[in-house]
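2 protein chains.
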Amino acid sequence: MPLEFDPIAEAHRQWLARWPEHAEHMAAVTSVMRVQQMLIGEIDRVLKPYGLTFASYEALRLLAFTRSGELPMGKIGERLMVHPASVTNTVDKLERAGMVRRRPAAEDRRRVLATITPDGRELVEKATAALNAADFALDGVDKATAMALTALLRKVRERGNDFDAGAHDPWAS
Amino acid sequence: MPLEFDPIAEAHRQWLARWPEHAEHMAAVTSVMRVQQMLIGEIDRVLKPYGLTFASYEALRLLAFTRSGELPMGKIGERLMVHPASVTNTVDKLERAGMVRRRPAAEDRRRVLATITPDGRELVEKATAALNAADFALDGVDKATAMALTALLRKVRERGNDFDAGAHDPWAS
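Protein chains in written order, with this note's numbering: chain A, 1 to 173; chain B, 174 to 346.
By construction, these hints were calculated from the structure, which means they are not laboratory data.
Built from N, CA and C at the ideal position, the CB exists for glycine as well.
It is possible that some hints are incorrect.
What the hints assert, rightly or not - Partial selection, computed: residues in chain B whose CB lies under 8 Å from chain A: (1) 175; (2) 226; (3) 227; (4) 282; (5) 318; (6) 320; (7) 321; (8) 325; (9) 334.
Produce the entire structure from the sequences given, and follow the hints as far as they go.
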């Protein structure tokens, strides 16, 4: 059931009356949080038939994109911006389901690699098809809006030091 | 440590090569998820000295904005887009800390109201000042970018039926 009013617009009015200098930042951050809640709920529904969450989907997708199908655990955490404990937890579940295997790195046996299995590859392609079919829960949002959103969020990510801002920007015009 | 490249730009390239029709939606959704992770980490750090998470802060802030300082539990969940079990959990913690009290509604004693206490009011004003001082973890992002982000995310929220799109839009130009 949709609300009868926009709760963020309401909070924005409250801020404008009290702390006008901070109203725009409050509204933007609250909007990110709220949209994330909406999207993650819908995406988890799409992924449920595949036994995946968005976090485990992302780990599998990342492994499937690599040449060798494997990555050190630490690299997975860095790339997905996830704490080491969460990577362990995610890879544990994927391993129990037979979607990845762990092995010690040949050069340094203390380093553990996660490897995607053939079942994992099959699953991630099916899950990707399902997410694509649902337009990643953004159905009804046009491409131009999606591109504009990515570009704006990239600005926020640059300020937050998510990645080296000198890196090639495929959306730069 | 920032990554040496933008992992979303990298995923976008992979999508363009395989599923170009869905690349923009994937990038936008992944960007929302990643920015939410960045922001929630920073916001929780700002709120920690006050014993609050963003969820409990939002509940307190909402109560403090009402005329009477109280709302039915169900309304809090609707407004904050949170499951009833999470509202119960959040209000439990706030009640133990002395920041809210619960009481049965006079007209229908099965309905429970949460009421902010004087300590709760004091705390929420301090926490709000801290969040404002940190620009809600968006420091370095200018106002125009914040406003554009809110407006774009509002489009996504309308499509997702977050609220009645006929409602007054303070950002409409």
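Here is what the structure says about each hint:
1. Nearest Cβ of chain A to the Cβ of residue 175 of chain B: about 5 Å, under the 8 Å cut. The hint holds.
2. The interface hint given for residue 226 of chain B is broken, as the beta carbon of that residue sits about 12 Å from the closest beta carbon of chain A, more than 8 Å.
3. Using the Cβ-Cβ criterion of 8 Å, the hint placing residue 227 of chain B at the interface with chain A is satisfied: the shortest such distance is roughly 7 Å.
4. The interface hint given for residue 282 of chain B is broken, as the beta carbon of that residue sits about 25 Å from the closest beta carbon of chain A, more than 8 Å.
5. Hint status for residue 318 of chain B relative to chain A: holds, with the closest Cβ pair at about 6 Å, below 8 Å.
6. For residue 320 of chain B, the interface hint holds, since its Cβ comes within 8 Å of a Cβ in chain A; the closest pair sits about 5 Å apart.
7. Interface restraint check: residue 321 of chain B against chain A, minimum CB-CB distance 6 Å, threshold 8 Å, status holds.
8. A hinted interface residue such as residue 325 of chain B counts as satisfied when its beta carbon comes closer than 8 Å to some beta carbon of chain A; here the least separation is about 5 Å, so the hint holds.
9. For residue 334 of chain B, the shortest C-beta to C-beta distance to chain A is roughly 5 Å, which falls under 8 Å, so the interface hint holds.
Against the hints set out earlier in the document, violations occur for numbers 2 and 4.
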